[in-house]
Amino acid sequence: MSNMISLIFITIGVLFNLLGCIGIVRLPDTYNRLQAATKAVTLGCCSILLGVLFHFGISDAGTKALVAIPILFFTSTVAAHALIRGTYHFGIKLGDKSVKDDYKDAVK
Amino acid sequence: MSGYLNILLYVQIALSGICLYRIIRGPTIPDRMVGVDIFGILVVGICAIISIQTERSFILDIGIAWIILSFLGTLTLAKYLTGKKLNE
Amino acid sequence: MKYITLFILSFIFWLLLTFDFSVSNLIVGVVASIITALFFGKFFITNVYKLLQPRRYFWFIVYLFIFIWECLKANLDVAYRVLHPAMPIRPGIVKVKTTLKSDMAKMLLANSITMTPGTISVDIIDDYLYIHWIYIRSEDPEVYTPIIIGAFEKYIKRIIE
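Protein chains in written order, with my numbering: chain A, 29 to 136; chain B, 8 to 95; chain C, 113 to 273.
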């Protein structure tokens, strides 16, 4: 039974990772790629680790997976924030379809 | 059961291949850095699936260390992008 | 006081990570936690007595469930935009004013915004958050502020401030 639940969680995680990777290839500019990739891939890997937690139960491997989930979550969000700010300061323009840019006034 | 897990593992490895495509192809430097960041997160998923297959727990230790090191690498690259020195 | 709190937290973290209660492992954990507390104690939160109030934990659990729901919605939203043949995106950077005061609360709010549908936080300057939005629904600050931060701000205020 717990094997079944863990397999379901891992399958959902791999599907979310697949969506994130399609987003990396298809979307037009850096900002939108970061949007799709960071959300989908982070949730997918958290789901895979949750599957590992259900498979091992409360043991040394299970608690390691439980500790890894918040670490993965905080590091990936902070990394995405730093990357998007670095991209803007590097001088990459927003894509062609953009309609609004409030940050331009704050930088200069 | 283990055959199905094998298929999921191969799919996950193929997904990190897609990230390599973005790293090689990406028209600008920030695109490549996005690829590196996502590649680091996907490797953690690969480690988790291998730890179920082999029933060993130390592979999850490798995963946790990989998260933290890839986080430090991404922060350093982002600092380089903003055009500052590392001690500012 | 904050050195002792950081010592206890890092010791619990060590026990979760190793899951081994032999004497030698406990001694190594105590030494490693003391070193960590000495190096990083001055960066820890200043008012540690807030950690002892149970109602903050209650609101944190409520917040966690709302957050997971928003997270799932975010991923379905991304899936729709990525798989749609015409890719309905209308991106841009908007400016949002927040009423939160402490740095910790602003950090939690920015992290939550990053994981919700179609938004990612770019920068924080004083009270203003700059947010990259993948599909701008309206250009009026009165309209888009509740859409972006309305669900989180009141819970974060109860948890941290």
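What the hints contain is simulated information worked out from the structure, not anything from laboratory work. Treat each hint with caution, since some may be false.
Computed footprint of chain B on chain A, listed as stretches where at least three residues anywhere in the stretch have a Cβ under 8 Å from a Cβ of chain B [said to hold, decoys possible]:
| hint | region |
| --- | --- |
| 1 | 81-90 |
| 2 | 124-130 |
Across the chosen pairs, the derived CB separations fall in these ranges [said to hold, decoys possible]:
| hint | chain 1 | residue 1 | chain 2 | residue 2 | range |
| --- | --- | --- | --- | --- | --- |
| 3 | A | Met29 | C | Lys114 | 37 to 47 Å |
| 4 | A | Ser87 | C | Pro200 | 39 to 49 Å |
| 5 | B | Phe65 | C | Thr211 | 17 to 27 Å |
| 6 | A | Asp130 | B | Thr61 | 47 to 57 Å |
| 7 | C | Asp238 | B | Ile14 | 50 to 60 Å |
| 8 | A | Gly85 | C | Val255 | 43 to 53 Å |
| 9 | C | Lys269 | B | Asn13 | 43 to 53 Å |
| 10 | B | Arg32 | A | Lys132 | 27 to 37 Å |
| 11 | C | Leu164 | B | Ile75 | 49 to 59 Å |
| 12 | A | Met32 | C | Gly153 | 40 to 50 Å |
| 13 | C | Asp132 | A | Lys132 | 31 to 41 Å |
| 14 | C | Leu195 | A | Met32 | 36 to 46 Å |
| 15 | A | Asp130 | C | Pro200 | 37 to 47 Å |
| 16 | A | Lys125 | C | Tyr240 | 45 to 55 Å |
Glycine included, each C-beta is placed from N, C-alpha and C at the ideal position.
Hint-by-hint comparison with the structure:
1. Counting residues of the region 81-90 of chain A whose C-beta lies closer than 8 Å to any C-beta of chain B gives 5; at least three are required, and the coverage claim holds.
2. Here the region 124-130 of chain A counts 0 residues with a CB under 8 Å from a CB of chain B, which misses the bar of 3, and the coverage is violated.
3. Roughly 45 Å separates the CB atoms of Met29 of chain A and Lys114 of chain C, a value that falls within the hinted 37 to 47 Å.
4. The hinted range of 39 to 49 Å is satisfied by Ser87 of chain A and Pro200 of chain C, whose Cβ atoms lie roughly 46 Å apart.
5. Between Phe65 of chain B and Thr211 of chain C the beta carbon distance is about 47 Å. The supplied range of 17 to 27 Å is therefore violated.
6. Restraint check, Asp130 of chain A to Thr61 of chain B: a C-beta distance of roughly 51 Å satisfies the suggested window 47 to 57 Å.
7. Checked against the hint of 50 to 60 Å, the C-beta distance between Asp238 of chain C and Ile14 of chain B comes to roughly 51 Å, which is consistent with it.
8. Taking the beta carbon of each, Gly85 of chain A and Val255 of chain C are about 48 Å apart, inside 43 to 53 Å as hinted.
9. Separated by about 48 Å at the C-beta atoms, Lys269 of chain C and Asn13 of chain B satisfy the suggested range of 43 to 53 Å.
10. Checking the proposed 27 to 37 Å range against Arg32 of chain B and Lys132 of chain A shows it holds: the Cβ atoms sit about 29 Å from each other.
11. In this structure the supplied range 49 to 59 Å is violated for Leu164 of chain C paired with Ile75 of chain B, their Cβ-Cβ distance being about 29 Å.
12. Between Met32 of chain A and Gly153 of chain C the beta carbon distance is about 46 Å. The supplied range of 40 to 50 Å therefore holds.
13. Remark: the range hint 31 to 41 Å for Asp132 of chain C to Lys132 of chain A is contradicted by a beta-carbon distance near 54 Å.
14. The given range of 36 to 46 Å is broken by Leu195 of chain C and Met32 of chain A, whose C-beta atoms sit roughly 28 Å from each other.
15. Against the hinted window of 37 to 47 Å, the Cβ-Cβ separation of Asp130 of chain A and Pro200 of chain C comes to about 22 Å, which falls outside the hint.
16. Distance hint check: the CB atoms of Lys125 of chain A and Tyr240 of chain C are about 24 Å apart, inconsistent with the given range 45 to 55 Å.
This entry does not satisfy hints 2, 5, 11, 13, 14, 15, 16, going by the numbered hints stated previously.
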